[in-house]
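Starting from the structure of chain X, add chain A where the hints point.
Here the protein sequences come in this chain order: X and A. For the first sequence, the working numbering gives the first residue as 1, with consecutive numbering after it. For the second sequence, the working numbering gives the first residue as 1, with consecutive numbering after it.
Derived from the structure by calculation, the hints contain no laboratory data. No residue lacks a Cβ here, since even glycine has one placed at the ideal position from N, Cα and C.
Here are the computed distance ranges between Cβ atoms for each label pair:
no.	chain 1	residue 1	chain 2	residue 2	range
1	A	D82	X	V156	34 to 40 Å
2	X	I190	A	D82	38 to 44 Å
3	A	S12	X	L224	25 to 31 Å
4	A	N117	X	T308	53 to 59 Å
5	X	D419	A	S14	30 to 36 Å
6	A	D122	X	K728	31 to 37 Å
7	A	N117	X	L162	53 to 59 Å
8	X	K728	A	F31	48 to 54 Å
9	A	N117	X	L484	52 to 58 Å
Covered, in the sense of this in silico footprint (three residues per stretch, anywhere, with C-beta under 8 Å from a C-beta of chain X), are these stretches of chain A:
no.	segment
10	91 to 103
11	139 to 153
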Amino acid sequence: MLQPLKRRAFLRTSGQLLLGFNLFPFLQCTPQESIETQNPYYGIPERPHAGRDIIDSWIRLDAAGYLTVLTGKQELGQGIRTALLQIAAEELEVPVEICHIINGDTGQTANEGYTAGSNSVEGSGRAIRQAAAAAKQVLIREAAKKWKISAGQIQVKSGVILGPENQKISYWELLEGKFIEEKVNDQAPIKDPKNHEVVGKSIPRADIELLVRGKSHFVHDHRLPGMLHARVLHPPVYGSKLNKLDNGQILMIEGVEQVIVDGSFVALVARREYQAVKAWQKAKEIAEWEQEQISVDPTGLFEHMEQTSENSKEVESRGNSPAKLNNSSKKISATYQKPYHLHGSMGTGCAIAKWEGGNLTVWSPTQGVYPLQNTLSDLLSLEKESIRCIGMPGSGCYGHNSADDVSAEAALIASKIPDTPIRLQWMREDEHQWEPFGTAMQVKLEAAVDENGKITAWKSHIWSDAHSTRPNGQAGHYISARHLENPFEFQKGGFSGGSYRNALPLYGIPDVQILLSNYDGPLRTSALRSLGAYGNIFALECFMDELAQLANQDPFDFRIKNLEDQRGIAVLEKLKSETNWNGKSPNEKSTCGIAFAKYKNSASYFAVLAEIEPGSDDKKYKLKKLIGVIESGQCINPDGLKNQTEGGMIQSASWTILEQVEFDSEGIQSKDWSSYPILRAKSIPEIEVHIINRPEEPPLGAGEAAQGPVAAAMVNALSSALGERIRKLPLREYVTA
Amino acid sequence: MKTINFQLNGQSKSVTVDPEEPLLYVLREEFELNGVKFGCGLHQCGACMVLVDGQARYTCRTGSGEFEGKKLETLEGLERQDKLHPVQEAFIEVQAAQCGYCLNGMLIAAVALLRENPNPNDAEIRDALQPVICRCGTHSRFLKAVKLAAQKT
Chain X
1 MLQPLKRRAF LRTSGQLLLG FNLFPFLQCT PQESIETQNP YYGIPERPHA
51 GRDIIDSWIR LDAAGYLTVL TGKQELGQGI RTALLQIAAE ELEVPVEICH
101 IINGDTGQTA NEGYTAGSNS VEGSGRAIRQ AAAAAKQVLI REAAKKWKIS
151 AGQIQVKSGV ILGPENQKIS YWELLEGKFI EEKVNDQAPI KDPKNHEVVG
201 KSIPRADIEL LVRGKSHFVH DHRLPGMLHA RVLHPPVYGS KLNKLDNGQI
251 LMIEGVEQVI VDGSFVALVA RREYQAVKAW QKAKEIAEWE QEQISVDPTG
301 LFEHMEQTSE NSKEVESRGN SPAKLNNSSK KISATYQKPY HLHGSMGTGC
351 AIAKWEGGNL TVWSPTQGVY PLQNTLSDLL SLEKESIRCI GMPGSGCYGH
401 NSADDVSAEA ALIASKIPDT PIRLQWMRED EHQWEPFGTA MQVKLEAAVD
451 ENGKITAWKS HIWSDAHSTR PNGQAGHYIS ARHLENPFEF QKGGFSGGSY
501 RNALPLYGIP DVQILLSNYD GPLRTSALRS LGAYGNIFAL ECFMDELAQL
551 ANQDPFDFRI KNLEDQRGIA VLEKLKSETN WNGKSPNEKS TCGIAFAKYK
601 NSASYFAVLA EIEPGSDDKK YKLKKLIGVI ESGQCINPDG LKNQTEGGMI
651 QSASWTILEQ VEFDSEGIQS KDWSSYPILR AKSIPEIEVH IINRPEEPPL
701 GAGEAAQGPV AAAMVNALSS ALGERIRKLP LREYVTA
Chain A
1 MKTINFQLNG QSKSVTVDPE EPLLYVLREE FELNGVKFGC GLHQCGACMV
51 LVDGQARYTC RTGSGEFEGK KLETLEGLER QDKLHPVQEA FIEVQAAQCG
101 YCLNGMLIAA VALLRENPNP NDAEIRDALQ PVICRCGTHS RFLKAVKLAA
151 QKT
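Okay, chain A solo, but in the shape it has when bound:
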């Protein structure tokens, strides 16, 4: 067991857990967050994505100990003063979801992209969403939503 400190959605947190325990489980179990999800446990599908120092990262394999001192942002931390993030707004506006299991990864990947590149072209958006799987085939709406979010920011 080890105490790990990080910033989670703007607040300093410390948690005492097995440092081998992947961050995904710690976020869901200790902090009751729902955005991050288990999809594969193999860093292949993106269900577990979190913003780590602003970068979209898989969290289902990497032990939580690796996140010591990092700035973590989850889906739940994107809202500001009850106002949704432009990416969240755009996904609602485009109705970019079917079952919605992949939305966490899609949104986190999109937020990371737009922070680094506020005016991405189609290929750059596709590159950013490539690490995230969607089984319902909602991709055409995700691409549209990210373009719309770029216009909003």
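Here chain X stands alone, though its shape is the one from the complex:
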């Protein structure tokens, strides 16, 4: 635990805001002959973050000959650790093998908010790149001073600085254990991408070896001495109140140490994990609730959405779309719907918390350690400085699952059992019923085309619940905070831009209007991979096919004709050539559909072709193949980019074919994998991903680019095959899984 006092003392002794990257003087320093060191990596001493503008907030060289990168971003399975290390290694000219990384930890790393929105390479990557460039500049300057030559005469290779007269010194020898206090110089020159040796290479992820060998990796695997196991009994339905729980019956179970009841928050704590599970089962059996009901009839969800949403407001517009549409003769409109989706992480949420001497430490799979610290501070009325949140890998899904809730609950339990590490893991039905879902959405589109097949006017009307209710300082965002005797209120805190993400067509349409009606729906919702972009692109790109039909044009040609963005056109052209498109499916039996988007209209470009064919044993279709083309500007790690994109394509295919959260008045009925099935191995299509690399362009976020286009391409293929337009998800009525 980093004590507040220590932190202040540290800042005082290190002088103003300036720290440097350094060798640690308290480690025995042995100058290296070269950096091909055999010294084991001991890590770096823990130290609080002291400002984004300091080099060693991002990069540190240590006495053993290693480089450690610090990022506020979390590894979620997207391979961010490897990509960020490549960026640092490239800029500082060291082998990537000697680089290590520390992810989000309020005791050490910068506050980079949430790991979300495909921002990590664009944001953290940029900061690390600049810090590494600045560090190299400082090292060269120091060498120049030592050799009494100008910096311009110096070259760097593999962490070794080379002078014009065969002088040679490694970074580590040069530093000799000194602190060098430097700020990040924004002007420090960045390497020309033409000279990149590490960036652009498919460097393997180091963590995969640990994973296949069953080494400790996840927060679930973290074991602390004296640790107790906990389960939380959540209410049967949102808003239900606990009437009665006979603690005595639970305390009789062997190993059960405590039953914590605070209002309707119930936690069972035991010595062994299974004993906690048994206590949870017993508590579930005997707890008596004043049960609430979900008042919205799921069969009338979209009617309810239209009837009860706020009045629409214009969120984006150009020209005068309503007037233009009024005066157009060649126009159509269509309404698209998507249901609620689960994040559905395979592993249930898990966190460990320890309360000791007035300080709290939480080991958490959160996507944002600083927002967690902030919000725990509200929950527990504890100074932020007394809370340390250490990010650890959790089970993936790409979105706001139970990670923050489980961390808050572990902290609540730990606050009642001091000096004892508490490991809380959710049960499967907790995860399915209580995680905040990706919201249902309805999108009504209207557009007109002229006689040349150009879209002249466009109008979108979106109905959507909130796409992000991530905790950011308000404890009411934690589900269990609302169940306490003195509950925290939940306020949605406004609807973010997530609802209309990608609603604005990238196509060059002169008159456009986007309307949004915010919906306060029956289910708990928050950020799921790509937020509203999935629903909006599904609608937009299906509608593009409907418009292409209206204009009697090929779907590729129609999109290309209406696009002005040259990089977008290149992605579509590449897909066209990779799939040998000549206006119809390459295979007589099958039917194809395409779709395209630039994620957030500011990140990666992605185009995809979906091929479906009649299934073998029934009347349904089968998703045969998905071929995608992605352009993410400068590609840091081609295989990593492919992996993310392939995964996004498969995940989106699963959402699109199968997924819908089932609920009724009695609560959430999707409680496990049989009541909420997802795509498994037998139904996985063939997947092909092609990359357009533009090393001269800044890297663009890629992790969510595939979600929307895959849905639209599949629906376009299916609609072609059926000869009628499908506008409602999921497709399980038509497509096998």
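Below, chain A alone, put in the same frame as chain X:
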């Protein structure tokens, strides 16, 4: 409480536990193994898979008492003399992982398949991996990795 004997990763072990306690918890708690994981507690997702007498089996519901006298192999037991199992090598080579939570089930299912059928076709590989869920959508790489492992064995 009952004493249960089994062979775990080549060694005879005995453990005194509640025989109703599913094997998953016993392996994680008594033997500090990390490969087996809790995913659903319902025998639906495969996170908890272990090789039981060579067959890939769920362990999150079945009481440990049922495993008396069985030969158990976990992810940690696949290595031989510091050499990775070909399935482990293939998963690394193909970089077949995102978050990695499902890898235990995927690897165990693949090892069981290849022992019984060293040259599986695509449909047989899919059948073998069907009991295991992956939320990150890494399946296309798992299929590739198992094919590669078959070539290696």
